[in-house]
Amino acid sequence: MKLKLLVVPSIIAAVIIMGIWLIYPAYYNGTDGLKDRYDQLGKEKTKLEAIQGRSVNVDTLSNQLDALSSDKDALYGFIPENIKEAEIIKTLSQMASDAGVLVYNVSLGKPAYDKTEAPQFDTMGATSLDGNATDGSADAGTVGTLPVPKNFETSVEISGNYFQIKEFLKKLNDFSRYNEVTSVLVVKNTTPENGQEDGAIPSDILRADLKMNFNILGKAVLSDGTTSDAVFSNSTLDTKIISQIREQRVLNAIHPEIGQQGRENPFVK
Amino acid sequence: MSTINLADQKEVKSYASFFNGGMINAFLILLVACLVYGGLVYMNKKVVAETQDVHAQYMGEYGKFLTGKANGIIDFKNRSVIAGNLLDKSFFMRDVFSHIEASILPSVYLSKMNYNNKTKVISLSCITDSLDSESRQLLSFQSNEYFSSLSLDKSAIDAKTGLMSFDVSLKIK
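Sequence lines, in order, name chains A and B. With the numbering used here, letter number 190 in the first sequence gets 190, and the count goes up by one each step, no holes. To convert, take the position in the second sequence, counting from 1, and add 269; that gives the numbering used here.
There could be a bad hint or two in this list.
Straight-line C-alpha distance at most 25 Å; calculated DSS-like pairs for lysine-lysine [as the list claims (entries may be wrong)]:
hint, chain 1, residue 1, chain 2, residue 2
1, A, K90, A, K269
2, B, K440, A, K188
3, A, K45, B, K315
4, B, K358, A, K240
5, A, K84, A, K45
6, B, K314, B, K389
7, A, K188, B, K387
Here are the in silico distance ranges between beta carbons for each label pair [unchecked claim]:
hint, chain 1, residue 1, chain 2, residue 2, range
8, B, G291, A, A50, 52 to 60 Å
9, A, D238, B, S399, 56 to 64 Å
10, B, G307, A, Q64, 51 to 59 Å
For the record, the hints were derived by calculation from the structure and aren't laboratory data. By construction, the Cβ of each residue, glycine as well, lies at the ideal position given by its N, Cα and C atoms.
All chains should be modelled from the sequences, with the hints used to inform the complete structure.
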């Protein structure tokens with residue numbers, strides 16, 4: 001009889017303890033409870049649907065990009081991937097010739113990041129199943145980047161009259177490759193040009209030292225931080241930048257040709 | 270001393286069953302609790318397996334996405350955004366020249382011009398024939414709204430030529 005009196009409360013106590021220590025944590029404990037697992041499953045399904053949706057958009061966007069064909073060259077010429085020294089020299093030379101100025105010095109610097117434009121870092125949502133999935137919070141770490149332009153300074157020293165120098169600068173502004181004039185020094189020329197005797201310098205001849213920045217931009221490669229970029233949310237590619245470049249920059253780069261190659265004795269004039 | 274039994278029926282000793290209603294209910298509750306727990310554990314494993322399956326699908330799609338045509342698109346977009354920003358902040362030297370041309374007086378000419386895009390300051394070395402022309406020239410620069418400020422850095426008369434030379438710094442708005 002005494003045992004009977006103890007069994008029922010003991011069972012009830014055991015059920016309560018089981019509920020607290022086993023059943024509820026098995027349902028929800030913040031990491032691996034059933035509810036937590038369902039939440040993780042929901043997140044994984046959402047991510048899968050999102051990536052499938054982005055993949056469909058990528059196919060559409062890629063077709064639009066392919067259809068642009070040579071039009072996109074305007075953009076890739078405006079900020080190229082490589083320095084293209086030969087193209088710069090040739091184009092500057094052609095500009096000088098068209099403007100009527102004499103170029104007597106051109107130098108190109110090495111590409112470097114502008115101090116004010118440090119590379120930008122994006123964050124990503126982790127894809128682990130350990131319950132530590134994140135959704136792009138700062139704690140997720142810096143794992144994805146998009147390249148930023150690297151500038152390189154180019155110096156050009158020219159000589160000509162005021163209008164010729166102005167014309168040269170205008171052509172530089174119209175150049176279809178991005179360039180930013182950082183400094184212009186124009187002084188009255190005191191150095192005789194070729195074929196002129198001392199004191200025979202025309203009074204209207206000026207010397208201009210121009211410094212300008214060209215830039216390059218490395219190819220963007222997808223990383224964990226950039227797969228959720230907004231561009232993949234749309235199925236229409238925004239291409240208005242091409243017309244903007246063409247409106248403002250009408251002077252195309254000139255591609256030099258190598259011509260005849262090879263000589264028997266490279267030291268003979 | 271003798272006793273008298275007045276009962277008309279034989280006394281039957283009553284032994285209540287160990288498993289009475291309360292006890293059964295208690296065991297049933299315990300059984301249900303065990304079943305619930307077992308169900309939770311079973312469902313948990315099932316959901317984990319399903320999650321791993323979905324995750325594997327996701328990683329497959331993700332891998333294809335990373336190595337596919339999306340790279341060309343993100344590159345085009347990145348280039349477009351940067352090009353747009355650069356076009357927006359384009360600065361044209363022809364504006365500098367046109368405003369200086371518009372402000373220079375006929376009696377003044379330049380011997381040197383230096384423009385710094387970082388500071389947006391134009392430094393001019395001017396030559397004229399009199400202090401009166403210099404003052405009018407300064408007034409002319411000040412009246413041009415393209416320039417936000419003016420500072421006279423140096424002003425001197427050349428003893429040989431008798432001409433006034435003065436250096437001016439103009440800050441672009």
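Between B:G291 and A:A50, does the beta-carbon spacing fit 52 to 60 Å? With Cβ atoms ~55 Å apart, the hint holds.
Compare the distance between the alpha carbons of A:K84 and A:K45 with 25 Å, and conclude whether the hinted pair is satisfied. 46 Å, violated
25 Å Cα cutoff - pair B:K440, A:K188: 23 Å, holds
Is the hinted pair B:K314 and B:K389 satisfied, with a Cα-Cα distance of at most 25 Å? 68 Å, violated
Just to be careful, I want the Cα atoms of A:K90 and A:K269 compared with a cutoff of 25 Å; is the pair within it? Roughly 23 Å separates the two Cα atoms, so the pair holds.
Please work out if A:K188 and B:K387 have their alpha carbons no farther apart than 25 Å. Status holds; Cα separation ~24 Å.
Consistency of beta-carbon spacing, B:S399 to A:D238, with hint 56 to 64 Å: 59 Å, holds
Is the hinted pair B:K358 and A:K240 satisfied, with a Cα-Cα distance of at most 25 Å? The given pair, whose Cα atoms are some 17 Å apart, holds under the 25 Å limit.
Within 25 Å, alpha carbon to alpha carbon, are A:K45 and B:K315? Judged against 25 Å, a Cα distance of about 15 Å means the pair holds.
Against the range 51 to 59 Å, how does the distance between the Cβ atoms of B:G307 and A:Q64 compare: consistent or not? 55 Å, holds
In this structure, the earlier hints numbered 5 and 6 are contradicted, and the remaining ones agree with it.
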